[in-house]
Amino acid sequence: MVFNSLQFALFFPIVYLLYLLLRHRWQNRMLLVASCIFYGAWDWRFLALMFVSITTDFFCAQGIFRSSDTYVRKLFLVINFIVSLGILGFFKYFNFFAANLENLLSIGGMHLHHSVLKIILPVGISFYTFQAMSYVFDVYRNKLVPVTSYRDYALFVTYFPHLVAGPIMKARDLLPQVLNPRVVSWEKFYGGCYLIGWGLFQKMFVADNLAKIVDPVFAGHLPYHGTMVLVAVYAFAFQIYCDFAGYSNMARGLGRLMGFEIMINFNNPYFSRNPREFWQRWHISLSTWLKDYLYIPCGGSQGGRLATYWNIFITMLIGGLWHGANWTYVFWGAYHGVLLILHRIFQPLGQVLARVVGRMGDRVLQMISALIMFHCVCLGWLFFRASSFQQAWDMLYALGWNIVPTIREARPYFLWLAFLIFVLGIVEIAQRWSNDQDIVRRWPLVFRFWLYVVVLYLWLIWGQYGGHEFIYFQF
Amino acid sequence: MNGIFIFLIVLVMGITLGLVIVERFSRGVWRTVLSVLMFIVLVVSLRMLFLDNDVVWPIYGKNLKLGVDITNRQNHSLENTVGSWRKVSERNSQYFSLGSSQSGHVFGQSQWIFSMCSSSLAFDEYSFFRKEILLKHPRAVILYISEFDMVRNYSIDGVKALPMEADYLISFLVRDIEVGQKGWVKRFCKACPIVYENFVPEVKQGFIMRSFLNKLIGVSAEDVEYEKKVIRRKTYYSQEEFLKSAIIDSENLYGRLNVNEKGWLALEEFISFFEKRDIRVVILEGQYLPTVMSSVLALKANKVFRDRLMPIVHRHQNVLFISREGQFLFSSEDYRDMDWKHVKKEAARRYCEHLLSVLSKHLDING
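Sequence order for the protein chains is B and P.
Counting along the first sequence from 1, when you hit position 389 you're at 463 in our numbering, and nothing is skipped either side.
Counting along the second sequence from 1, when you hit position 167 you're at 393 in our numbering, and nothing is skipped either side.
Keep in mind the hints are simulated off the structure, nothing from the lab.
Glycine included, each C-beta is placed from N, C-alpha and C at the ideal position.
Just so you know, not all the hints are guaranteed correct.
DSS-like mimics (lysine-lysine), calculated; alpha carbons at most 25 Å apart, straight line [to be verified]:
1) B:Lys286 with P:Lys416
2) P:Lys526 with P:Lys470
3) P:Lys470 with B:Lys286
4) B:Lys286 with P:Lys526
Label-pair distances were calculated between CB atoms; the ranges are [to be verified]:
5) B:Met104 with P:Asp533: 38 to 44 Å
6) B:Phe171 with P:Ser397: 31 to 37 Å
7) B:Val219 with P:Val270: 54 to 60 Å
8) B:Gly163 with P:Gly444: 45 to 51 Å
Generate the whole structure from the sequences, applying the supplied hints.
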């Protein structure tokens with residue numbers, strides 16, 4: 075069941091009506107059942123898998139909290155990590171690692187024939203595993219007191235708005251909202267509706283239409299023309315952004331309707347001027363998770379320059395692998411790791427340059443930086459979207475050597491891309507300019523009215539109603 | 227057309243001014259109520275301007291070309307809407323033809339017959355046109371049907387392109403969903419968007435705006451691309467190859483020979499509807515490529531077809547059945563240079579002339 079499907083349009087009003095009628099305790103019970111139905115709509119069998127993970131987390135956290143013996147606490151933590159990462163590893167990475175091991179051994183003359191298992195990837199497994207691990211880890215670090223109610227903990231993990239594609243909420247942010255009564259106000263209702271509407275627009279108008287430009291080029295049936303590759307990469311940059319940010323906005327909107335506050339996951343990332351800023355604005359919940367539970371425990375920036383670079387690189391590499399079992403994702407993570415390291419190295423130079431050019435020059439410099447950063451990100455997306463390194467290389471080659479003769483051919487697609495991102499661009503610029511994600515809601519009535527009308531008509535006429543799945547579901 | 231643009235500018239300016247006044251002089255609930263009211267005015271006005279008048283539709287019809295800007299089904303939907311806005315002349319007020327694309331090819335050029343069609347129209351879908359037919363006040367409805375229609379099940383996507391007939395749509399979907407039967411939830415979920423699209427014409431007729439934008443920027447929509455491929459195929463493949471594929475298609479059809487019970491019931495219901503209103507229904511036994519029509523499989527299919535059709539013909543007083551023997555027979559040449567399934571314009575014209583003489587003998591209508 076996806077947010078942009080008819081099933082969800084029938085499911086949510088019933089859930090919401092019940093939610094408004096019930097008291098806090100029963101609200102939680104009902105939400106847990108609703109979340110199970112929501113998740114079970116894909117495959118009921120994976121509910122059991124999810125509850126194995128939930129049960130292990132719950133009892134391990136209890137064990138850690140009750141014990142004062144460091145050894146026992148560590149043991150519970152390790153058990154939890156083995157179970158959580160074991161499930162994730164098996165379902166997501168088994169075939170990948172087995173195939174690579176086989177290739178590695180064959181280099182040394184050893185032949186290992188593993189049989190490829192037909193494993194279905196449970197939807198949202200990467201998201202709920204990371205979220206649950208953060209809970210146990212926080213309990214271990216004495217930053218959180220574990221919940222006593224299994225039901226409430228299960229709701230924290232399975233809460234349907236963010237279950238399958240995040241944001242990955244930290245236990246200390248979401249659990250108090252589960253445990254305490256929530257307030258539903260008119261203001262929250264309006265805010266929630268706004269976020270859902272905007273998210274649907276991002277997904278159904280921008281992302282799903284952009285897919286029509288992106289998919290045929292990356293399908294690789296035709297020879298690559300430079301300009302078509304260029305337009306496809308630009309289109310994919312906005313497709314993946316609107317697809318994921320659209321989902322996150324809808325999740326936040328649904329949560330807000332019920333009185334939950336779900337964290338912002340995207341904050342105008344394409345206006346970032348450097349890699350560090352990009353990762354503070356893109357998939358914020360994952361990058362903060364990686365920072366808090368991987369980068370900092372590894373030593374962060376405390377162990378000298380080289381150790382810091384190593385920690386950044388490893389963190390980003392794992393971040394890339396988190397996205398999927400493919401070397402292109404690993405490369406993408408490593409690429410961003412290198413960008414972050416290079417930024418760290420050259421940051422002082424940038425500061426000097428900013429002082430030299432003065433205030434006006436700094437503005438221009440920032441715009442140029444944002445443009446360069448956007449193209450660096452796009453280059454990363456090419457590898458991210460490509461099915462293999464060969465394809466990525468062929469496309470890069472076309473970009474470099476076959477761009478001028480095909481400009482005419484790609485012109486309509488550039489125009490189509492401009493049409494699709496025009497309204498999005500206006501809103502994003504306004505948000506970035508004011509540094510306020512809710513700026514549209516504070517606009518004068520005339521501007522708001524016309525924006526809503528334009529968005530509505532674009533959505534009605536050009537919206538893709540097929541209930542297309544979100545890209546991040548596969549992660 | 228200029229009037230429409232002037233009205234649009236006045237509307238936008240009026241609403242903008244209204245919003246400024248509302249923001250300046252009203253507070254709280256009143257502001258919300260007035261904004262919503264203005265929104266409703268805007269939506270209704272835009273609908274009237276772009277989808278609900280007899281000026282714009284002929285313009286859409288003239289500018290959007292089949293196979294270049296719009297697909298086959300979109301073209302039929304467009305032509306039917308243009309047709310529904312077109313006033314009937316004295317000459318073509320007496321006969322109204324309804325059917326699949328073949329029916330459109332046969333009667334589309336006739337001055338005497340008001341024709342509406344949709345590709346692959348199934349019996350279940352005929353009643354979607356009841357309102358359109360009544361609005362044109364014909365004395366007879368012409369249905370050109372053959373064995374092909376018997377094996378044809380309606381496609382739920384096709385229903386989206388048909389004219390809106392709210393009451394029939396609901397009864398059609400309720401009947402189709404069969405609550406409680408296996409797979410009814412899936413059928414229900416498929417039906418909901420159809421209801422939604424039929425009550426929100428901006429979605430249903432959205433292809434007009436999409437096609438105009440595509441035309442403007444020179445991009446082809448995915449489905450238009452598909453049509454382009456079809457056109458290319460017509461150019462690249464030889465007539466012999468096409469003929470071969472037409473024969474194979476027909477044989478496949480006979481292989482799937484079944485009786486669409488729901489379809490036959492829908493056809494009878496359609497006939498009864500006009501019987502109650504004293505409107506004649508002329509059923510013409512449809513023709514197809516002679517070499518295919520005379521094969522053993524085809525003859526077998528024709529027997530099944532007649533066995534099902536004739537009891538219906540006999541049960542209703544308003545039905546006139548004209549078998550192939552009583553019609554102008556198309557030759558193989560009449561299908562050449564088409565796709566061997568549809569007939570050429572010239573042949574269709576001769577067929578219609580002959581048909582009118584036949585009809586004038588049987589019906590008390592001055593043709």
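Status of each hint after checking the structure:
1. For the hint pairing B:Lys286 with P:Lys416, the CA-to-CA distance comes to about 23 Å; that is within 25 Å, so the pair holds.
2. Between the alpha carbons of P:Lys526 and P:Lys470 the distance comes to roughly 21 Å, so the proposed pair stays at or under 25 Å and holds.
3. Of the pairs offered as hints, the one joining P:Lys470 and B:Lys286 is violated, with about 34 Å between alpha carbons and a cut-off of 25 Å exceeded.
4. Distance check on the hinted pair: B:Lys286 and P:Lys526 sit about 46 Å apart at the alpha-carbon level, beyond 25 Å; violated.
5. Checked against the hint of 38 to 44 Å, the C-beta distance between B:Met104 and P:Asp533 comes to roughly 57 Å, which is inconsistent with it.
6. At about 57 Å, the beta-carbon gap between B:Phe171 and P:Ser397 misses the expected band of 31 to 37 Å.
7. Against the hinted window of 54 to 60 Å, the Cβ-Cβ separation of B:Val219 and P:Val270 comes to about 57 Å, which satisfies the hint.
8. One distance hint, 45 to 51 Å for the beta-carbon pair B:Gly163 and P:Gly444, holds here, with the actual separation near 49 Å.
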